[in-house]
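Number of protein chains: 2
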Amino acid sequence: MKLEMICTGEEVLSGQIVDTNAAWFANTMMEMGVEVQHRVTVGDRLEDLVHVFQERSKYADVILVNGGLGPTSDDLSSEAMAKALSEPLIENVEWREHMEAWFSKRSHPMTQSNLKQAFLPQSAVMVDNPVGTACGFRVKLNRAWLFFTPGVPFELKQMVQEQFIPFIRQEFSLKDKTALTKLLTIGHGESLLADKLETIDLPDGLTMGYRSSMPHIEIKLFARGQHAIDKLPSITEQVRSRLGQALVAENRASIAEEIHARLNGSGLSLSIAESCTGGMIASQLISFPGSSSYLHQGLVTYSNESKVKVLGVPAQVLDDHGAVSIETVAQMAKGARELLDSDYALATSGVAGPEGGTEQKPVGTVAIALATRDGVKSQIVQLPRRSRDLVRSLSSAIALDMLRRELLGEEVVVDYASFSRSA
Amino acid sequence: MKLEMICTGEEVLSGQIVDTNAAWFANTMMEMGVEVQHRVTVGDRLEDLVHVFQERSKYADVILVNGGLGPTSDDLSSEAMAKALSEPLIENVEWREHMEAWFSKRSHPMTQSNLKQAFLPQSAVMVDNPVGTACGFRVKLNRAWLFFTPGVPFELKQMVQEQFIPFIRQEFSLKDKTALTKLLTIGHGESLLADKLETIDLPDGLTMGYRSSMPHIEIKLFARGQHAIDKLPSITEQVRSRLGQALVAENRASIAEEIHARLNGSGLSLSIAESCTGGMIASQLISFPGSSSYLHQGLVTYSNESKVKVLGVPAQVLDDHGAVSIETVAQMAKGARELLDSDYALATSGVAGPEGGTEQKPVGTVAIALATRDGVKSQIVQLPRRSRDLVRSLSSAIALDMLRRELLGEEVVVDYASFSRSA
Numbered sequence: 001m002k003l004e005m006i007c008t009g010e011e012v013l014s015g016q017i018v019d020t021n022a023a024w025f026a027n028t029m030m031e032m033g034v035e036v037q038h039r040v041t042v043g044d045r046l047e048d049l050v051h052v053f054q055e056r057s058k059y060a061d062v063i064l065v066n067g068g069l070g071p072t073s074d075d076l077s078s079e080a081m082a083k084a085l086s087e088p089l090i091e092n093v094e095w096r097e098h099m100e101a102w103f104s105k106r107s108h109p110m111t112q113s114n115l116k117q118a119f120l121p122q123s124a125v126m127v128d129n130p131v132g133t134a135c136g137f138r139v140k141l142n143r144a145w146l147f148f149t150p151g152v153p154f155e156l157k158q159m160v161q162e163q164f165i166p167f168i169r170q171e172f173s174l175k176d177k178t179a180l181t182k183l184l185t186i187g188h189g190e191s192l193l194a195d196k197l198e199t200i201d202l203p204d205g206l207t208m209g210y211r212s213s214m215p216h217i218e219i220k221l222f223a224r225g226q227h228a229i230d231k232l233p234s235i236t237e238q239v240r241s242r243l244g245q246a247l248v249a250e251n252r253a254s255i256a257e258e259i260h261a262r263l264n265g266s267g268l269s270l271s272i273a274e275s276c277t278g279g280m281i282a283s284q285l286i287s288f289p290g291s292s293s294y295l296h297q298g299l300v301t302y303s304n305e306s307k308v309k310v311l312g313v314p315a316q317v318l319d320d321h322g323a324v325s326i327e328t329v330a331q332m333a334k335g336a337r338e339l340l341d342s343d344y345a346l347a348t349s350g351v352a353g354p355e356g357g358t359e360q361k362p363v364g365t366v367a368i369a370l371a372t373r374d375g376v377k378s379q380i381v382q383l384p385r386r387s388r389d390l391v392r393s394l395s396s397a398i399a400l401d402m403l404r405r406e407l408l409g410e411e412v413v414v415d416y417a418s419f420s421r422s423a
Numbered sequence: 001m002k003l004e005m006i007c008t009g010e011e012v013l014s015g016q017i018v019d020t021n022a023a024w025f026a027n028t029m030m031e032m033g034v035e036v037q038h039r040v041t042v043g044d045r046l047e048d049l050v051h052v053f054q055e056r057s058k059y060a061d062v063i064l065v066n067g068g069l070g071p072t073s074d075d076l077s078s079e080a081m082a083k084a085l086s087e088p089l090i091e092n093v094e095w096r097e098h099m100e101a102w103f104s105k106r107s108h109p110m111t112q113s114n115l116k117q118a119f120l121p122q123s124a125v126m127v128d129n130p131v132g133t134a135c136g137f138r139v140k141l142n143r144a145w146l147f148f149t150p151g152v153p154f155e156l157k158q159m160v161q162e163q164f165i166p167f168i169r170q171e172f173s174l175k176d177k178t179a180l181t182k183l184l185t186i187g188h189g190e191s192l193l194a195d196k197l198e199t200i201d202l203p204d205g206l207t208m209g210y211r212s213s214m215p216h217i218e219i220k221l222f223a224r225g226q227h228a229i230d231k232l233p234s235i236t237e238q239v240r241s242r243l244g245q246a247l248v249a250e251n252r253a254s255i256a257e258e259i260h261a262r263l264n265g266s267g268l269s270l271s272i273a274e275s276c277t278g279g280m281i282a283s284q285l286i287s288f289p290g291s292s293s294y295l296h297q298g299l300v301t302y303s304n305e306s307k308v309k310v311l312g313v314p315a316q317v318l319d320d321h322g323a324v325s326i327e328t329v330a331q332m333a334k335g336a337r338e339l340l341d342s343d344y345a346l347a348t349s350g351v352a353g354p355e356g357g358t359e360q361k362p363v364g365t366v367a368i369a370l371a372t373r374d375g376v377k378s379q380i381v382q383l384p385r386r387s388r389d390l391v392r393s394l395s396s397a398i399a400l401d402m403l404r405r406e407l408l409g410e411e412v413v414v415d416y417a418s419f420s421r422s423a
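Sequence lines, in order, name chains A and B.
For the first sequence, full-length UniProt numbering puts the final residue at 423, and the numbers step up evenly by one.
For the second sequence, full-length UniProt numbering puts the final residue at 423, and the numbers step up evenly by one.
Simulated from the structure, these hints should not be mistaken for lab results.
If you're wondering where the values come from, they're calculated on a predicted model, not measured in any experiment.
Be a bit skeptical, because a hint or two may be false.
Straight-line distance between alpha carbons at most 20 angstroms, and here's what the computed PhoX-like set of lysine-lysine pairs gives [claimed, not checked]:
1) A:220 - A:182
2) A:309 - B:83
3) A:58 - B:58
4) A:116 - B:196
5) A:105 - B:361
6) A:231 - A:182
7) B:220 - B:231
Chain A extracted, bound-state conformation (with noise of 0.2 angstroms):
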């Protein structure tokens, strides 16, 4: 089967947008054993989509083409579509009756502009979108159905899911079996980690691969076919013992998620104190419906007089030390611990930059602390500068597996090859 997709959209051509639908599309099919081979992207000129459209379906058996079935004038994908095939467009009743209901139901007038929205080439055949008012289709030309899905990610995400996966699955009796097992690591830059798995004997049908996504690089062991599958688990042991600390989850989109997991319904309770990472560490776990049951607060003390008033460091401490230090993070992973009586507090402080950094303390030193029962660990590191984002999540992900480790029962400060550790 050859899989192709045609993005379309001004915004998503002209780079008022990153492609985040075709990485998450071809990356999510590559998950299921379907490369995506060709990928076109093309703005909102309706001579332009029929030629993509008539060109492409000579060389593809199936393209998903996204976007551009909006109300606005150039949502111009089911217009096109019909010109492609030389039909009329007809309008999709019970696609009229569906939205009707869905702005009846939210107590919306239906505008005129979301008419638009029912109409489909003759020969298309519906594909359901519950989540929206943008209708998907599919029609076939030439060789290749094509596909058409919503560009506002969540309904493209549903879509592909719950209707274009079954209908590839069906339509092109996909046979092999495949199965994924996925490595989230941290602190390990891609070259390194690929000189310590690179002699990593595989056999047939199993790859490796890596993607990158700060402040991760996740493994990625792909198996195709009964033999590989069976060779997985295995294989996935020796690159675990080779990674060692890199490794911080498996089958987890970030160590977020794993946290998440674990503090779940554990009845654990932990707070959480940030200046530098400003907050991005309560808001990736409370992105979890249930971390109310763990998270009792997340104090963001950006200034001194907060980190003064709020978590009770001594003014004394930020005196001597200054903010970003061992002694300030701990005070505050401790005070913010003992606000509520947690279970765990995590701190951080440092220099996220672009400025504010100084010869001592350079943009990138970073002071994080996790705050116990029993007493504060704490570590300060020297992240690579390149930018406030980076600084920040490396910061938070660090954070988040020193308390990892302590709920492991394992050593909380360990080494990271790619970070140094300041004096």
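Position chain B against the provided structure of chain A, taking the given hints into account.
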């Protein structure tokens, strides 16, 4: 001039990395008034590359090709282009000497595989790359100049700025001036905005586009040519007046950026107490360098205990009205403001979902308050319950909009067309 882009590389095609080069290049060109009209992404298969070079060179005047100039076996751009031209690859002696000097300056041995990087198609014109070992080049095929650039982002950027832009300026005497105005909205669906704006009569050369980037919808007015540029202010004014309260910022990426710009250096100070938004407001502001000048603290008081102990919300208020109530959120804002005597404080408390809703307070019910030195203004809204993240990001945007209105001396609590108000 018809400009296209060809992105090569398995890791981009397969979603292992998001293609930020493509977005950067298109955006850089658009700000020069040149649109990228078509983009193809292909993997590292020789025949696919040959085919796409031959095919697209029939339609475009200039094609920027990105990637595939490295030393490894999957770097095939040069070889594929030679094949597409039916030409041999010839060693470019100047570039080999350049590489030898490059490696000797760094005391690294030049590997055998680097030698390959000096081989270009016979008719190629070399394009200098002062910051790497990948040699740029350009060739003419059919209608198009194909311009080959390295995949490493900073090498691409330097080559585009120093070589590509001067080349197209000279080759295609670029005439039309362009201008762009971006208007950021909240609380109005795209179809509602379209209904409001589509009857505006746009002069030739002026186009209007929408970009949905939750919690915002952005309206873009793009003018090409002096005639359209002259009309841009009056059209922008018409759009402004039709948008009314929906408009929250101009030429900004987010309302957080607008608030940052208004508070940074103003001498005013802000504290934030977040429950359902869970650090999102603070984290958004902290992503801007300089936010420490006005942001006192952000308190994620997720548990009731934390609301009482840290913010001083009376336990009786929580008992009588619940955490998600006008009364509680007003006390949260008041407490957060008073802790460090900030000029302003924002507070949120709501049901982000997917669990935790009740008949009286379903998922999406959010109470939001702004405290000033003169008192507290608060409201409770019913947001679309599509996802936990959406509820949180809309709540953050409304909170920041309340502060924006206060800073402008406008009414703080207003109706948003797409959100209903709870009793």
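To see whether the hints hold, each was checked on the structure:
no., hint, in the structure
1, A:220 - A:182, "holds (5 angstroms)"
2, A:309 - B:83, "violated (70 angstroms)"
3, A:58 - B:58, "holds (18 angstroms)"
4, A:116 - B:196, "holds (16 angstroms)"
5, A:105 - B:361, "holds (17 angstroms)"
6, A:231 - A:182, "holds (15 angstroms)"
7, B:220 - B:231, "holds (14 angstroms)"
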